[in-house]
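Student: Spelled out, the chains give:
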Amino acid sequence: MATLLPGTLEMLILRTLTIERMHGYAIAQHIARVSQNALLIEKGSLYPALERLQRQGWVTSRWSESATGRRARYYSITASGRRALGEEVSAFQAMNEAVARVLDPEPEKS
Amino acid sequence: MSFIDAARHRLRTLLRPAAVDRERDEEFAFHQSLAEGEHADATGDASDARYAARRAFGNVASIKEDVRWMGATRWIDQLGQDLRFASRTLRRSPVFAIVATLSIGLSIGANAAVFGVINALMLERLAIRQPTELVQIWREDGAGGREPYFTAAEFDALKTAAGLDVSFMTNASALHAEINGTSYSRLGLTAVDGGLFPMLGVVPAAGRLLTPDDDRTAAPVAVLGFASAVRYFGSPRDAAGQQITLQGHTFTIVGVLPHRFRGLYLEWPMTIVVTRNTSMQLLRNTWNPRDSTELTLVARLRAGAEQQTRMSLDGAFAGCCAKGELLPTDWGTIGPFRGDNQRLGFSDISRGIPAGKLDMRVMFGRLLYTLMAGVAIVLLIACTNVGNLLLARATVRSRELAVRMSLGASRGRIVRQLLAESMLVAAVGAIAGIVLAVWGTAALAENLPGILSVLEPFVAITPNPAVITFTAAVAVACTLVFGVVPAIRATRIDPVVDLRNGAPSSTRSGRLDRGIIAFQMALALVLVASVGLLGATLRNLRSGIGDMHPDRLLVAEVDSAGTSIPRGGERAAYDRILERLRTVPGVSSVSGTEVMPLVYMGFSTRTLDIPGFEHLNVDRLRPEDNGLGAGIIFVTPGFFATTGTGLVSGREFTDADVPGAPPAVIINEAIARQFFQGRDPIGQHIGFRGGGRALQIIGVARDVKQTDLRAPNPRTVYLARAQRRNDGDRFTFAMRTVGSAASSAPGVRAAIAAAAPEVFIRSVQPMAELVSFSVGREQALRAVAIVFSTVAVGLAAIGLYGVMAFHVTSRRREIGIRMALGADRREVVSMVMRQSLFVVAAGIALGVPLALGASSALGALLYGVSPFTTGPFVIAVAVLVGTGVIAALIPSRNASRVDPMTAIRAE
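Chains as they are written, first to last, in the working numbering: chain A, 1133 to 1242; chain B, 72 to 978.
Hints are not guaranteed to be accurate.
[What the hints assert, rightly or not] Only pairs whose alpha carbons sit at most 16 Å apart, straight line, appear in this in silico EDC-like list of lysine to aspartate or glutamate:
hint: 1; chain 1: A; residue 1: LYS1175; chain 2: B; residue 2: ASP96
hint: 2; chain 1: B; residue 1: LYS394; chain 2: B; residue 2: ASP212
hint: 3; chain 1: B; residue 1: LYS230; chain 2: B; residue 2: ASP96
hint: 4; chain 1: B; residue 1: LYS394; chain 2: B; residue 2: GLU218
hint: 5; chain 1: A; residue 1: LYS1175; chain 2: B; residue 2: GLU97
Don't read these hints as lab results, they were simulated from the structure.
My request is simple: use the sequences and hints to build the entire structure.
Tutor: Below you can see the structure in the form of structure tokens.
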């Protein structure tokens, strides 16, 4: 299982929530499924991350009935969360490219 | 609005922790049940599934903890980290840590101590139930005059109206008393209405307090003040139940007042308290409350019923007393006692009854606030010094900080870390300071010199909430004063530049450094100048008793009141003592007088009758002229020679001035100046109004202050004791000694006891002690000012030295170039000196106006010096310039020893 860089988990959660509002378990499941089980989110990381996101105002939560009829807390992304996601993603991509260049440098022209 | 969502979320976490917690449990349970379901689907085993899911979930409690504390812990954690980091950093430079903590600790301690005294003396309310409800009742005449005294009959009338909410106290005394095997004469007592203690709501330290029942039955019971109980019996518990004898009656001590309640006056603590009727019936000859007007009335205006109580008191007073009906007949002529339309006034006494001229708050308030300003200045100097040290450290550490910033530490975080260091220093300093203050003031309280000893109960401070709050606030203020600027400056660095250069350029912090030193110099100037002003004040005050050489003048006061000496027998006893004293070794001459200057004892005043001034209307004179009154002092032959009072002209009394010889008088210069302008008073006859002019002036004595060194010279006439019929109860012997006066004191005591064993010796002390007692405030203040200014000058000098040394080191190369280009040593030395003196000059320019302001604030504490007297300022400026030169000596010598070749090659 890959180790996530700090801040990446929040980005993944925000991205996941752009699909629809979800409860915590569903978020973890979604990330695991989409990453083909490469990213298994520990609950011990998931809920603190959700708490951080709420405190930043990027995510809100509401209690409502789940598919099985039980009460569950559903998280949804806010407008500022979407903005933040955009910035994070582009920063992440820029970083990724930089890392990629370091790992696999093109020959320098001198 | 996402930030509102965020705020609501945080608020809810904060305010409804239980609900949030429950929801968290539910959310986790939901998560777990879904996980279990999935696992069961995969393996088909439910119990195994639950176990696996729980294992996968991890420790529920710890996750919850993580979520819950995420917000709060971040900064608490960081603070903890910062403090740990700070303590590590400080431990790595122990000299800085110790110097900084010690200087801050000492000066915070001094501030805490002075504030503690101010709090106890000036700010604290009486330790009674609801002190703000307590008022004193005044008698007002409707024309602005008011008096605080009432008669017992008036009190009874008011009490009928106001019930338990009005009460009184008054001073009484017992001529002789016996307590725990020791005899006392003229022991001060307090007589109170039996309802006083219940009204005040005072809780006894031991036993019980006086009640209305004690008053009604005139029971022979008394209550002791806390300090008296300790003095006489060791402790309140031991005092309760004991018996004492007051004027032959046996009294039982039923209880002791609490430590924190010393009485309604700060100045006159309750020592022995009896009820009114007890005092009237058993101690009758000292105080007669029936026609005394000396009752001090106090009342409790209960919250919500103030108006009602006031009105019922007013109404009762109007009915009984408004025309002075219940005043003794001979009292109807003075001020507020005279009017036909008298009424009541009320004043807040939640901090005790003011004692007029003797009020300690008036006597010491300015002194204390001056001291507060002094310790604040010292603290400010200490803070700037630590600030300077921090600045220097910041310069040294700039490389470390640059590394940390380039590794991604934010500037705010580094500022916080540096501030944590300052905070740690201030906090440790504050704790040390409080401990020092409590310990120091306890030691000081027992060794207060002279008049300051009356402050004893207020000086030993306790670490009460007010003092602790004050100290904490001071510590925070200190952190801000010495921490913020260096922290901000330290982080104003460009990592790239600083990492590359290694050391910062020297000019960056130079100007700030020097500004701080100049500021310290200015503060030091204020303190040095005030030492000078106080010194001049002391000299002026001491000269008030003339040329007495007070350390070789011994003064013994005796009293025969209440002793077995019969009325009229005093003279024989005192003559025996006079004879005996002449034989005491070390005593070269002896004289007798009623009173010596500065012995706080009243002496009689009569209106002079002087030729040419017969028709002067005494009532028309300005109040400061004191009518035509003059103090009268009876003295024995040799008084002026023995005491050193001295004569301006004429002769002093001799053994020939006896009854039958022409009555002789010696006047002082004040009288001669005022009434014999230019004429020779010797041989003139004067007298007292209504008594003829039988007294022939035989001499003019030098002016000597009698009771108050700050008052103008009082008019005094001296008469021959031999020409008086008898002596009074009290008598004073003045003795010139060969060696120190103190060393002859035991011999003098023994001689008095041998010559007249029945006489009570009130005191035997060198005149110097009486003088010190009188100038105690000024002396103490000057002593403190000397300590403060030494510290201030020393700190400023060290700071200046540091700056100059740094300055020389960082300019070695430049100095080397100058010298290589032909500058000689003298020029280099003078360059450094100029720099140093420039800082001093800036300090003086800033300090002189400050010192002028400070000295006019000292105002009433000074005497005979105008705040603008130049002497002390010139001296202070000279001291600072000298300091500047000394501080620059070593750096300038180092500068002159720079070898141009090495200095230039070095970089």
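Student: Which of the numbered hints above does this structure break?
Tutor: 3
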